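With the hints as extra help, turn the sequences into a complete structure.
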Amino acid sequence: MPFVLPVVLRLIIRIVRAFGETAVLLSDRKTVRALPWPYVRSAPRRSKAVAAAVGALGLSFLCLVVGMVVEPALVLGTVAAVFGLLMSWVAKRRLPHT
Amino acid sequence: MTAEAASTAAVRAETLIDLGRHHEAVPLLEQALATRPDDVELLDLLAQAQLPIDARAAAETAARLVADSPQRPRGHLLASFAALDLGRRQQAVAHAQRAVELAPWDAIAHAQLAQSMATRGPLRRRRALKLARRAIDLAPESSVGYVAAGNVELASGSARRAEKWYRKALELHPTDGAAQVNLAITDGRRGRLNSAYAGILARLEADPSDEFALRLLDSTLYRTIAHLQWIVLVLLYVVLAIKGG
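Chains as they are written, first to last, in our numbering: chain U, -14 to 83; chain D, 2 to 246.
Derived by calculation from the structure, the hints in this document are not laboratory data. A couple of the hints might just be wrong.
[To be verified] Derived DSS-like pairs: lysine-lysine, alpha-carbon spacing no greater than 30 angstroms straight-line:
id, chain 1, residue 1, chain 2, residue 2
1, D, 169, D, 131
2, D, 165, U, 77
3, D, 169, U, 15
4, D, 165, U, 15
5, U, 77, U, 33
6, D, 165, D, 131
7, U, 15, U, 77
[What the hints assert, rightly or not] According to the in silico footprint, chain D covers these stretches of chain U (three or more CB under 8 angstroms from chain D):
id, segment
8, 1 to 7
9, 21 to 31
10, 44 to 56
11, 70 to 79
In this text the structure is predicted, and so the values were computed from the model without any measurement. In this text, a Cβ means the ideal position worked out from N, Cα and C, and glycines have one as well.
Rendered as C-alpha cells:
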C-alpha cells in the first residue's frame, strides 16, 4: 500500500496537468492559429511511434463515441489509449536530447 | 589556395555561420583546409560550422585544433561544446577547465564550464552558478553568462529560477536564440504549453531551419498528443464507470 499512494498521486497530477494545459492551450487561439500546421501534420510521417500514437488517439476517441451505444467498444478504446500513451512516450524518448 | 583566397573563404564562411547556414560553410572550409591543413582560423571556423549539424565531426576538428595549438583556449572551448553535445560530460568539463585556465578573462569559457558542470545536486549547482556569475561579471553586457546561469538552474531541476535568468538575457538581447529556445523549454516544463509554442514559433520566425527549435517543437507536440490521450482515457473510464454502475 505505501507504494501505491505515490503512484496514484502522480497519476492524478498527470491527469490534472493534461486537462489544465490542454485547456489553456486551446483557449489561446492566436498561438494555435500560428502553429506551423503543415509541419505538425507531417509529424506521423517523420516518426512511426508518433504515427502509432496519433492512430491510437483517433481510434480511442472513436471508441469513446461508439462506446456510448456499444459498450464493448469502450474496452477496445481503453486498450488503444494505453497503447497510444506508450507510443507517445516512446516517440519523445527517441527525440535527441533538448 | 593562396593565403588571400583562404582569408576570403574564412570571411565568407564566417558570414554563412552568422546567418545559420552551417551546411554551406562546411564544404567551403573543407576546401580551404585541403590546401592549408594547419590554418587554425579555418579549423576554428570549421568546428563552429560543424557543431550544430554533426557534433562528432566538430569534436574531431576541435581535437585537431587542440593538437595544432594547445596553448590557445579556442580549441578546448570548441571541444567542450562538442563533447557536451555528445553527452560526454567529463570530457566537456575537462576541456572547459583548460579553456578557463588559458583564458581566465573569457566570459564564454566560464559560461561553458558552468554549463558542463551543471547537473542535479545542490553542491554542483552552487559551484556551477558561481562560474556563471563570474561570466556575468566578466561580460555584464553579454547574454552568455545569463543563459549559462539559466542552463545551470534548468539542469538542477528548477525551471522557475531558470526562467528568471533567460528573461534577463532577453532583456539585454531580445533576439538571443539560445535564451528564446531555453525559455520555451522552461515554459514546457512548467506546463505552459501555449507559451512554449509561442517561444518556439518566435525562434522559427527568425530562423525557420533552426534544428534545435524544430526538435523542441516535436517534443512539445508529442507532449500535447500525450495530454489528449490522457483526456480520452479518463473520459473512457468515466463512461465505462457510468455504464457499468
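Consistency of the hints with the structure:
{"no.": "1", "hint": "D:169 to D:131", "in the structure": "holds, 17 angstroms"}
{"no.": "2", "hint": "D:165 to U:77", "in the structure": "holds, 27 angstroms"}
{"no.": "3", "hint": "D:169 to U:15", "in the structure": "holds, 26 angstroms"}
{"no.": "4", "hint": "D:165 to U:15", "in the structure": "holds, 25 angstroms"}
{"no.": "5", "hint": "U:77 to U:33", "in the structure": "holds, 12 angstroms"}
{"no.": "6", "hint": "D:165 to D:131", "in the structure": "holds, 16 angstroms"}
{"no.": "7", "hint": "U:15 to U:77", "in the structure": "holds, 26 angstroms"}
{"no.": "8", "hint": "1 to 7", "in the structure": "holds (count 6)"}
{"no.": "9", "hint": "21 to 31", "in the structure": "holds (count 5)"}
{"no.": "10", "hint": "44 to 56", "in the structure": "holds (count 7)"}
{"no.": "11", "hint": "70 to 79", "in the structure": "holds (count 5)"}
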